[in-house]
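Could you build the full structure based on these sequences and the hints that come with them?
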Amino acid sequence: MEITFTLNGKKTICHIKVSTTLLELLRETLNLTGTKPGCHEGECGACTVLINGKSVNSCLYLALNTNGKEITTIEGLTKPNGGLDEVQESMIKNGAVQCGFCTSGMVLNIKALQLETMQNKKVPGSGIKNSPNRNEIKKWLEGNLCRCTGYVKIIDAAEEVFNKGK
Amino acid sequence: MSKKLKIIGTPVPKHDAKMRTTGEAIYGHDIKLPNMLYGAILRTQHPHAEFIIDVSEAKKLPGVVCIITADDVDTNHIGYKRDHPILKKNEANCTRDEIAAVAAETKEIAQEALKLIKVKYKVKKGLYNPHDALKKNVPQINKFSSGKFENKNIAEKFFYEHGNLEQEKKNSVAIVKRKFTLPRMTHACMATSNITAHYTKTNGKLLLYSSTQVPFLYQRDMAHALKMNPSDIRIIQPIIGGGFGSKLDMHPFEPICALLSIKTGKPVQILYSREEEFIASPTRQPMEIELTAGVDKNGNFTFREIEIIKDNGAYTSWGATTPFVIMQAFSSLYKIKACRFNALAVYTNNVFAGSFRGYGNPQATFALERVIDLLADEIGMDKAEIRLRNANTKGEITGQGLHYDTCGHKECLQTVIKKLKVEKKKVEKNNRFKRGIGYASMLHVGGGAKIYRSDGCGTTLKIDPYGFCTIITGSNEIGQGSETVLAMIAAEELGIELSKIKVINTDTDVKPWDVGVHASRTSFVAGNSLLGAINILKEKLNNKAAKLLNEKTKSFTYENGNIISPSNQQIALDKVVREMHFTEPNELAIASYFYEPSSKFQDKDFKGNVSGTYAFASQSISVEVDTYTGNVQVLDIHVAQDVGKVLNPLLLDGQIHGGILQGVGYALTEELIFKDGELLNPNFHNYKMLTAADVPNIHFYPVETNDKQGPYGAKGVGEAPLIPTAAAIANAVCNALDIEIVELPITPERVLKAIAEKKNNKKNK
Amino acid sequence: MEFEIESPKNITELCKTIKSYRSKSFRFGAGYTDLLMELKKHTPRNLTVINLAQLKDVSFSSIRSTTKNIQIGAMITASKLVTDTRIEQLFPVLQQAAHNLASTQIRQVATLGGNMCTASPSGDLICAAMALQASCEIMNDDKKIHNLSIQDFFIGVRKTALKKNEFLFAINIPRNKKRTATLHSGFIKIGTRKSMECSVVSLAFHLQIDKTGKIIDAGIAIGASAPTVKFAQSACQFLIGKKINSFSEKEKEEFANKVLSYASPISDIRATAWYRKEVLFNISKGVLE
Ligand SMILES: Cc1cc2nc3c(=O)[nH]c(=O)nc-3n(C[C@H](O)[C@H](O)[C@H](O)COP(=O)(O)OP(=O)(O)OC[C@H]3O[C@@H](n4cnc5c(N)ncnc54)[C@H](O)[C@@H]3O)c2cc1C
Ligand code: FES
Ligand code: FES
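Protein chains in written order, with numbering that gives the first Met the number 0: chain A, 0 to 165; chain B, 0 to 764; chain C, 0 to 288.
Since the hints were derived computationally from the structure, they do not count as laboratory data. Beta carbons are placed, not taken as given, at the ideal position from N, Cα and C, and that holds for glycine. A few of these clues could be false.
Said to hold, decoys possible - DSSO-like mimics (lysine-lysine), calculated; alpha carbons at most 27 Å apart, straight line:
hint, chain 1, residue 1, chain 2, residue 2
1, C, K276, B, K758
2, C, K210, C, K251
3, A, K9, C, K55
4, C, K249, B, K433
5, C, K249, B, K761
6, C, K39, C, K8
7, B, K758, C, K257
8, B, K296, B, K178
9, C, K40, B, K114
10, C, K276, B, K752
11, C, K158, C, K15
As the list claims (entries may be wrong) - Rough simulated footprint, nothing fancy, chain B against chain A, three-plus residues with beta-carbon under 8 Å:
hint, segment
12, 32 to 42
13, 145 to 151
Unchecked claim - Negatives, chain C to chain B, calculated, CB over 10 Å:
hint, residue
14, E3
15, I4
16, N45
17, A52
18, N146
19, Q150
20, R157
21, K163
22, R174
23, A180
24, D209
25, D216
26, A262
Structure follows, in structure tokens:
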């Protein structure tokens with residue numbers, strides 16, 4: 000079947016098998032390999048992408064349900080001139096990247112939190128505006144496994160993004 | 000090195016972090032070659048069975064290009080003891096055994112074909128417990144083992160001793176004996192295992208895109224397995240999504256993929272699913288450690304006597320050699336007058352164990368540090384004091400012959416003891432939540448480990464006419480940041496901007512030899528190798544610069560792309576390079592160096608100075624235990640580590656945090672659960688890696704002892720952080736609840752059981 | 000994973016689709032976090048998935064207040080439950096259960112309906128909804144709605160009372176008895192790590208307390224302790240009319256034993272039956288501390 004969606008700012012039309020997951024569509028058909036397959040079962044978050052600004056596991060998302068929606072992958076976070084998003088910058092600066100296999104998912108999930116706090120002015124379940132605290136960041140990242148960093152630097156990187164916004 | 004360092008010691012972000020943050024980095028999973036086929040492996044359905052296999056139906060499936068079984072290939076066995084057939088014939092001996100492989104046009108077809116392969120099994124009763132495997136009259140599990148030991152199911156055996164054990168027993172006022180049981184833990188790298196093989200028929204060359212961490216040993220092993228010439232095999236390492244020791248051995252899927260490519264003449268790729276990764280990866284060695292140890296009336300340790308039975312699994316990998324490291328902890332961590340050590344690796348029908356960050360040391364340290372607490376209790380001595388009293392010291396030569404030219408053990412201990420005291424105000428909220436603290440230390444090789452005939456590393460260094468520098472190093476990057484450290488060293492020494500330094504390290508056809516990533520050796524050995532090359536290159540550049548500047552001196556400094564004389568004359572580095580090249584005697588700015596650490600092979604009694612230097616670390620940990628649920632919450636971890644010298648605090652922190660969290664996982668949650676040889680939790684759902692929400696407060700205090708041998712005084716750091724963590728956590732939990740823990744992981748259920756047992760014991764008394 | 004798909008755009012189309020698939024094999028798909036996991040392992044031949052994700056009807060995916068109830072559409076996601084202020088204020092137990100379900104990413108898509116209809120004994124939203132004594136609004140392919148108490152909705156391990164031509168439309172949670180009542184309401188999820196846990200045992204409690212400290216209504220449900228989530232009726236009865244701050248140690252234990260009487264846990268790789276009972280007893284006691 001045919002689906003139409005906005006991918007990293009560009010209108011995209013794809014012909015897909017209905018049972019294709021978004022992860023397969025991105026990696027195998029569209030060759031956007033920045034989205035990583037860590038488990039294919041919703042447990043690791045390496046495949047995280049943004050759908051209408053919300054972070055979602057692309058391995059458990061049917062590609063056909065992206066019809067009419069806006070998808071952002073890690074490739075879409077980099078600016079056209081090659082400049083990086085502030086979340087990416089912060090990850091690098093804070094030493095939050097080791098093997099990097101979890102990084103795309105981490106970056107996008109932190110981005111989602113940033114978008115969330117900007118829109119809702121409320122971090123789920125906390126009532127805190129704009130700047131989630133360290134524990135809220137940890138909770139938000141619970142679905143992104145990382146085997147290399149022990150998460151500390153990743154949490155630091157996220158914290159820095161929010162502290163800057165203060 | 001008296002001069003002030005500009006780059007070494009600063010928090011330089013990882014060399015290639017940008018690429019890894021934008022999705023541009025190419026991992027094994029991302030490789031797609033023209034006409035590439037997809038490989039898939041059929042594994043046995045039963046851990047132990049005889050089987051007959053029929054692939055005829057599967058072959059007929061459109062899109063299937065090739066199917067191989069043991070009958071179709073002519074190969075040598077693989078593994079550390081060459082006791083492991085790549086494809087198993089007629090008999091399966093553990094749940095991960097490879098019995099056939101398919102190459103097909105798509106992944107889906109490959110999977111479909113696996114389902115069409117007909118296998119008839121005659122299930123046999125397996126031996127899943129090493130004690131059973133050691134019984135008389137049981138069958139031989141591995142038919143390919145050398146069988147040189149008294150029992151046919153012993154894979155490897157170690158005996159070590161120093162000092163007068165009987166005398167030291169007499170000198171002891173307290174002796175403690177305990178048996179500890181350690182679980183199977185797995186690496187769970189975020190990228191699953193993968194390989195892409197490309198054989199070109201016309202010239203008989205095999206190109207492998209492989210995530211191995213030891214490419215040159217791998218090349219040799221692959222050649223042996225496939226009966227090829229090693230030089231016909233080229234290994235290119237794509238970006239690797241996690242290692243931690245899992246890629247030290249060559250695993251069967253790798254030569255299988257090569258065979259599929261050889262048979263089809265097309266590129267073939269095998270990617271593990273996550274489930275496969277859990278089932279068919281090597282694991283940390285599970286073992287039973289029985290430790291007897293004594294202390295004299297002054298609180299000095301007297302002796303340790305150790306009996307270890309390791310579950311080797313059905314085949315033997317490098318992991319069988321972990322007793323090298325284990326015995327080192329027992330013989331040389333804290334001063335110890337006498338030590339006797341026996342270890343057996345026993346074949347079973349379980350999956351085989353491999354190498355894993357720490358290499359046996361977390362297991363040993365857990366037993367050793369737990370027993371220190373018990374000894375302290377026996378003689379009524381403070382747990383911090385007993386450790387300080389027995390700590391290792393600089394200049395010490397241990398019973399096993401390790402030379403501690405530098406040693407930060409005491410300082411590490413003092414630091415973490417002091418830091419924990421500050422926040423020790425035991426807040427006992429109520430009956431429900433109990434707090435406790437625990438200490439542990441560790442000793443690990445810090446300058447490579449001589450386990451192969453060479454532990455060296457080669458470097459070729461060149462500077463191009465534009466002043467850019469290329470480091471071609473034998474060493475490997477597996478995410479730990481070694482490239483960055485090398486680039487920093489070159490930047491420091493040559494005064495070249497970091498952005499103008501390239502590190503080439505992924506191609507065996509290009510790079511000089513190196514033994515591979517293991518034993519926390521990369522910064523140490525590759526760093527020294529690079530420094531050697533830099534010295535040679537500088538000599539050439541200095542000569543030319545002296546000529547061009549009309550200077551007598553040969554001692555120039557290198558800064559901001561310039562070469563500067565003591566009298567402050569300067570010339571651009573790239574200019575010197577061009578002058579070298581374009582004027583007689585026409586020379587390139589290029590140099591090669593091979594560094595071999597001063598370490599020695601151990602003698603046949605396992606004695607000798609096996610590493611260039613040794614790393615020490617201590618941790619103090621506070622925990623809070625919920626006595627209603629048994630959940631252990633780790634509150635604070637203080638870690639002091641003798642790193643020799645901090646080369647890059649950012650990367651160092653990363654190694655510390657990452658290691659510690661693996662250690663916390665080992666202590667509390669991670670365990671592969673097997674029943675009769677079958678894995679019950681092959682997924683992240685039930686194999687519980689810790690998440691961001693579980694991260695405790697980690698406080699790190701580097702201790703700099705400036706080892707003469709290390710680059711700028713640095714020692715290896717990679718493995719140390721996870722080694723004492725489980726031990727310190729166990730000690731803290733025991734301290735909180737006044738219970739005994741002899742088994743990892745310390746699950747909530749085990750905690751509640753221990754509490755219940757304590758209650759029962761009280762009642763019965 | 001091979002299947003066909005139908006994506007109705009509204010409830011009328013949905014009902015039509017269901018009718019036309021009466022004699023064929025089909026499954027509903029909402030957030031797909033359970034369904035895709037299941038189909039990845041095994042997809043029956045000739046399966047059609049009826050895709051609920053593209054339905055435009057607001058009623059199916061909103062939270063509405065009526066005088067008696069708060070009605071929550073089946074397509075409400077866990078993250079919506081977390082951020083909705085009404086849920087936060089009126090039913091903390093449900094907010095907490097939603098907040099502790101899986102991960103941020105899963106909560107964005109996982110629906111209340113999916114959780115209910117998977118009918119797992121460890122379903123967290125089920126457990127909370129049961130403590131809140133919700134009722135289920137079930138719609139059939141004639142667009143007829145009937146109500147079923149949540150306890151009758153679950154008839155076995157992963158089995159609901161839904162007939163083939165029915166789907167879950169919404170749940171109704173009765174408003175708290177008095178606006179002025181203070182709530183002692185929460186969700187306790189036991190596992191080995193802090194996040195990404197499938198409950199080893201869970202306990203949902205929702206106690207309403209009047210000004211004098213008297214418990215005027217109580218809902219207690221337990222998860223992962225029996226083939227279905229269980230409502231601990233006698234434990235609730237035990238509490239009603241008593242003062243929240245006056246429980247003796249003995250009474251707390253009596254209460255815990257009453258909760259425990261609804262548990263018939265099994266041993267599996269996550270925990271033994273012994274542990275499940277032990278913990279359930281302890282945390283039940285903990286509710287009154
Ligand atoms: C990594 C991971 C972690 C998880 N952790 C938790 C957890 O902590 N706690 C927990 O409770 N669950 C957990 N789950 C399970 C799952 O996420 C939840 O059960 C979720 O609420 C299911 O909702 P869904 O919309 O994704 O359901 P779907 O997968 O779309 O559907 C689930 C089932 O319900 C049926 N269905 C869906 N909607 C309706 C309807 N309106 N009427 C009739 N039938 C319907 C479907 O046919 C299907 O059988 C986890 C799952 C994953 C993958
Ligand atoms: S690949 Fe999607 S969560 Fe792991
Ligand atoms: S950096 Fe390797 S998994 Fe996170």
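Would you pick out the hints that fail for this structure and give their numbers low to high? Checked against the structure, no hint fails, so every one of them is satisfied.
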